[in-house]
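Undergrad: Listed here are the chains, written in short residue letters.
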Amino acid sequence: DAGVIQSPRHEVTEMGQEVTLRCKPISGHDYLFWYRQTMMRGLELLIYFNNNVPIDDSGMPEDRFSAKMPNASFSTLKIQPSEPRDSAVYFCASSQFMGTDTQYFGPGTRLTVL
Amino acid sequence: AQSVTQLDSQVPVFEEAPVELRCNYSSSVSVYLFWYVQYPNQGLQLLLKYLSGSTLVKGINGFEAEFNKSQTSFHLRKPSVHISDTAEYFCAVRRTDSWGKLQFGAGTQVVVTP
Chain A
1 DAGVIQSPRH
11 EVTEMGQEVT
21 LRCKPISGHD
31 YLFWYRQTMM
41 RGLELLIYFN
51 NNVPIDDSGM
61 PEDRFSAKMP
71 NASFSTLKIQ
81 PSEPRDSAVY
91 FCASSQFMGT
101 DTQYFGPGTR
111 LTVL
Chain B
1 AQSVTQLDSQ
11 VPVFEEAPVE
21 LRCNYSSSVS
31 VYLFWYVQYP
41 NQGLQLLLKY
51 LSGSTLVKGI
61 NGFEAEFNKS
71 QTSFHLRKPS
81 VHISDTAEYF
91 CAVRRTDSWG
101 KLQFGAGTQV
111 VVTP
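Top line first, the protein sequences correspond to chains A and B.
Sequential numbering of the first sequence, starting at 1, is according to this note's numbering.
Sequential numbering of the second sequence, starting at 1, is according to this note's numbering.
Because the hints were derived from the structure by calculation, they are not lab data.
On a predicted model such as this, the values are computed, not experimentally measured, just so you know.
Any given hint could turn out to be false.
[As the list claims (entries may be wrong)] In silico SDA-like cross-links for lysine to any residue, where the CA-CA straight-line distance does not exceed 20 angstroms:
1. B:Lys58 <-> A:Leu46
2. B:Lys101 <-> A:Thr102
3. B:Lys101 <-> A:His29
4. B:Lys49 <-> A:Ser95
5. B:Lys101 <-> A:Pro8
6. B:Lys58 <-> B:Ala17
Please build the complete structure, drawing on both the sequences and the hints.
TA: Right, here's the structure in full:
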């Protein structure tokens, strides 16, 4: 398997613009996670899905952030409008189960909002 | 709720020397424990995990960790490091009794020099 695929790898945008990050999980994995990594706050879980259904979105910072998973092989994280403080590396991860299972991370999307 | 404390933000070490990365956790219930590694400009990957049984866990790349329930610790060790071990290392915990999230520590940057 190719692993978790994220696109784009880098995104530079201006404040106020809409940003869409994309993720393809490993085939057969029922759980998908979106994380944000910054120097100040470390690695934070934003939201996770089970069988395409959002289970816990308590980590989503505010209404400007939204995530969808229309099918088992694709998810998006959207920021609208973007702000400079959203600059971070966003990771997508997937796992077959919860609990004891390993999460497999994608390479991340480095977002810079000017 | 559970929390994870990584006691060292940065650990410099010479090639072929041993290294120990410290991790302490707090939780009101039993937890599963994980160590992940993040190489520069990459996503996280699992080094090892403790679920149950033997308290000494062996992982990939010669790393091992010991679970100490009385001290609520899960320290990571390698007897002889290579330049390629330069990376950031994250300790993480998850409750065993629920669909709990994976809680990451702040990370420890290991820099291996010749």
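Undergrad: Hints first: check each against the structure and report whether it holds.
TA: Taking the hints in turn, this is what the structure says about them:
no., hint, result
1, B:Lys58 <-> A:Leu46, "30 angstroms, violated"
2, B:Lys101 <-> A:Thr102, "12 angstroms, holds"
3, B:Lys101 <-> A:His29, "17 angstroms, holds"
4, B:Lys49 <-> A:Ser95, "14 angstroms, holds"
5, B:Lys101 <-> A:Pro8, "26 angstroms, violated"
6, B:Lys58 <-> B:Ala17, "19 angstroms, holds"
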